[in-house]
Each structure stands twice: as C-alpha cells, then as structure tokens.
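**Student:** From first to last, the protein sequence lines are chains D and C. Using our numbering, the first residue of the first sequence is number 17, and each one after it goes up by one. Using our numbering, the first residue of the second sequence is number 10, and each one after it goes up by one.
Some hints could be false.
To be verified - DSS-like mimics (lysine-lysine), calculated; alpha carbons at most 30 Å apart, straight line:
id, chain 1, residue 1, chain 2, residue 2
1, D, LYS99, D, LYS30
2, C, LYS47, D, LYS25
3, D, LYS87, C, LYS25
4, C, LYS47, C, LYS25
5, D, LYS99, C, LYS12
6, D, LYS73, D, LYS87
7, D, LYS25, D, LYS86
8, D, LYS86, C, LYS47
9, D, LYS73, C, LYS47
10, C, LYS79, C, LYS12
11, D, LYS99, D, LYS73
12, D, LYS73, C, LYS12
What the hints assert, rightly or not - Distance windows between CB atoms, simulated:
id, chain 1, residue 1, chain 2, residue 2, range
13, C, SER121, D, GLU78, 33 to 41 Å
14, C, TYR73, D, THR21, 42 to 50 Å
15, D, SER96, C, ARG72, 32 to 40 Å
It is worth saying that the hints were derived from the structure and are not from the lab. Computed from a prediction, not measured in an experiment: that's the story for all the values here. Each residue gets a CB set at the ideal place from its N, CA and C atoms; glycine is no exception.
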Amino acid sequence: DGGITQSPKYLFRKEGQNVTLSCEQNLNHDAMYWYRQDPGQGLRLIYYSQIVNDFQKGDIAEGYSVSREKKESFPLTVTSAQKNPTAFYLCASSISDSYNEQFFGPGTRLTVL
Amino acid sequence: AQKVTQAQTEISVVEKEDVTLDCVYETRDTTYYLFWYKQPPSGELVFLIRRNSFDEQNEISGRYSWNFQKSTSSFNFTITASQVVDSAVYFCALSEGPYRQNFVFGPGTRLSVLP
Numbered sequence: 017d018g019g020i021t022q023s024p025k026y027l028f029r030k031e032g033q034n035v036t037l038s039c040e041q042n043l044n045h046d047a048m049y050w051y052r053q054d055p056g057q058g059l060r061l062i063y064y065s066q067i068v069n070d071f072q073k074g075d076i077a078e079g080y081s082v083s084r085e086k087k088e089s090f091p092l093t094v095t096s097a098q099k100n101p102t103a104f105y106l107c108a109s110s111i112s113d114s115y116n117e118q119f120f121g122p123g124t125r126l127t128v129l
Numbered sequence: 010a011q012k013v014t015q016a017q018t019e020i021s022v023v024e025k026e027d028v029t030l031d032c033v034y035e036t037r038d039t040t041y042y043l044f045w046y047k048q049p050p051s052g053e054l055v056f057l058i059r060r061n062s063f064d065e066q067n068e069i070s071g072r073y074s075w076n077f078q079k080s081t082s083s084f085n086f087t088i089t090a091s092q093v094v095d096s097a098v099y100f101c102a103l104s105e106g107p108y109r110q111n112f113v114f115g116p117g118t119r120l121s122v123l124p
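Chain C on its own, in the form it takes in the complex (with noise of 0.2 Å):
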C-alpha cells in the first residue's frame, strides 16, 4: 500500500498566483518524520524542510508555508505568490523509523508556473 500519496500529478498556475501541493501519509507509528524536497529541471534534489510526528505549528519559510494536520495525516505544502524559478517536481516524503527501510517518497507533483 502507498504510505505516501500526492494525488496531483502535474499543477500549472500563472505567476503570482497561490498554490497548494497536497501530500497524504499512511503509518501507525507515533513517531515519525515527514519531508519535502524540490527537484528542478537541473535534476539534483533540493531538501525544504523535516517536521516530526509531535510538532504540529505550521511553519512559514519567506513565500513557502506548510501545514500539517494530525487529524488529516496531511502534510500540505503552499506557495504563495508563485514565480517561474518555482517550476519543479516537488517531493513529499515519510520516515516512520531510523532504518531506510522505513523511508517512503511520494510519487511527486510537477507544478509549472507560467509566466
């Protein structure tokens, strides 16, 4: 079963425009870490940001902001006033345990800005 789920596979918006990479998890375990990571076209993997299990403040990072919700099992990832240097493939991620065997990517979502 996929623990990870980004239901939106491929996003465009206009510049300046707000958008919203939604990002699910599956896990029974208390403990756990949640990431996400940007890949631009260059290929290489950018990593944004890590939130455990008990920490559930919405963190806000300049035009990025992320919202996570226990409740849900969400883990939402929004741009605000998006650019065109935003254009990537944008990666959730799970860690339930500190074995990689217990780390899982999402299947990612592509989000092109145009101009």
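One chain only, chain D, in its complex shape (with noise of 0.2 Å):
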C-alpha cells in the first residue's frame, strides 16, 4: 500500500540530546513537509522540501534541522537548541507544489525527560 511511514511512534529524549525523526514516503511525491502540533493547537510547519536536495525554512526551524537526500525521504532532526521540543511531530508529502492536498503520516510524540 501507498502511503507515509513515520517512525518511531513515541520518542524519548533527554535534554541536550539530538534526535532524528523518520518519514518515508512511496507515493512518488515530490514535496515533502514537517509540521509541529502542540496539545490544543494547530500545525505550524517546520521545514518543507519541493525537491531532492534543496528545502526551505517554515515558520518554526530554529533548532531544527533536515535532509532530503531521496525522493522518499525527509528525516527530521530535532537538536539541543529547539528549547521546547516536547510535541507531536507531523510529516506530510504532496504531489507536487502546495495547490495539490497534502498526505500526513501517523506522527510521533516526542517527549523530552
């Protein structure tokens, strides 16, 4: 089946440590997205991708950083200088440019001790 695959589902960290947050996608898209949710809230986009090899800042990528090596993934790191990393972390892919619905994954749930 087609689809987004987000790994893990939950994640711990202690502080000051980094993390890396999986998102892999088989629908062929070329855009890729990450969004953060906070309890209560919205999604606020992080980072986004339109193509291998190049992505572009969201609203919210101080302490945060990303890769897109291949087509069909776009892992996220979260770094020891995101001050409030606790949230629920979103990854999304689309066809192609933002006119087309985006397709999310099931998210993790990090949580730092």
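Join these two chains into a complex; the hints should help.
**Tutor:** Right, dumping it as structure tokens:
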C-alpha cells in the first residue's frame, strides 16, 4: 500500500540530546513537509522540501534540521538548541506544489525528559 | 493577519444531529484552493476535500457536504446524522499559490459527538 510512514511512534529524549525522526513515503511525491503540533493547537510548519537536495525553512525552523538526499525520505533532527521540543510531529507529502492536497503520516510524539 | 478563521473552537452534538463547521478565509488572489482535513484521536490528518476557487458547486460525499460561497469567503462543512466516529479535530486550509509559503491551516474545530 502507498503511504507515509513515520518512526518511531513515541520517542523519549533526555535534555541536551539530538534526536532524528524518520519520514518515508512511497507515493512518488516531490514535496515533503514537517509540522509541529502542540496540545490543543494547530499545525506549524517547520521545514519543507519541494525537490530532492533542496529544502526551505518554515515558520519555526530554529532548533531543527532536515535533509533530502532521496525523494522518498525526509528525516527531521531535533537538536539540543530547540528549547521546547516536546510535541507531536507530523510529516506530510504532496504530488508537487501547494495547490495539491497533502497526505500525512501517523506522527511521532516526542517527549523530553 | 489570520487568513483562515475557524471561529468554533469546540462543538458538542448528540449522535444523529447535523452539525456545520464554519471556515472563513481571506485572500486577494483569484486562483486559490481550499481544503478540509480530519484529525481523529489517533493523530494522523486525513484529507477530506480540495476545492478550487473557480468551482462553487457544492459537494456531497455520503454524510459529508461542503458549501463554498465566494461572496462570503466561506467554505463550510456539514456532517449529516453525526456519528461518534466523527469525533475529531477538523482543519480548514487555504493555498494561494503553488509555493509552500502560500499554504495556511486554520486553527481547527474540535467536534465531539456524544452517544
């Protein structure tokens, strides 16, 4: 089945540690996105990529980094510079540009201990 | 300025009632797209519908229907004969152009359908 997978589903991290969240899609989509969602809040864009080897900062990129070395993969690293990393992280993809609907993965819930 | 407004933060209805979720948007573009997504308790957002600015026909899909009115800049979503499984947060979104910086989600409306 085509879709987006995110792993792990739950992640615990100690303060000061970097952690990488995985996002893989087999939909052959060009564009991929990372969102952060805090409890009871909407979605905020962290990073997006419209093509391999290219990505752009979203609204809240500070403390995060990404790479896009393969079309199907868009991992997100939460660095120790991110002051409040505890949140729900959602990865999405779309065929090409923002005129198209985005399809979402199941999310990763990150908790900093 | 917020470009997508979902004024209803939370709505509670009893099963089998009809419910309408409001979405008001703001744009100066003549070409744009509107979307609705559902986020059930599991967390994964589910795409429901995409509508372009040139198509004002209302859409019906089973118990779901959408009313797009450019005159009032609204794209409202109605669930007929609601069910407990409809309980979720619903997001309206606007895309004003092909680039990611032109895409914005509304704040969401939490719908609780009580048995």
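**Student:** Checking against the hints above, which ones are violated?
**Tutor:** 3, 14, 15
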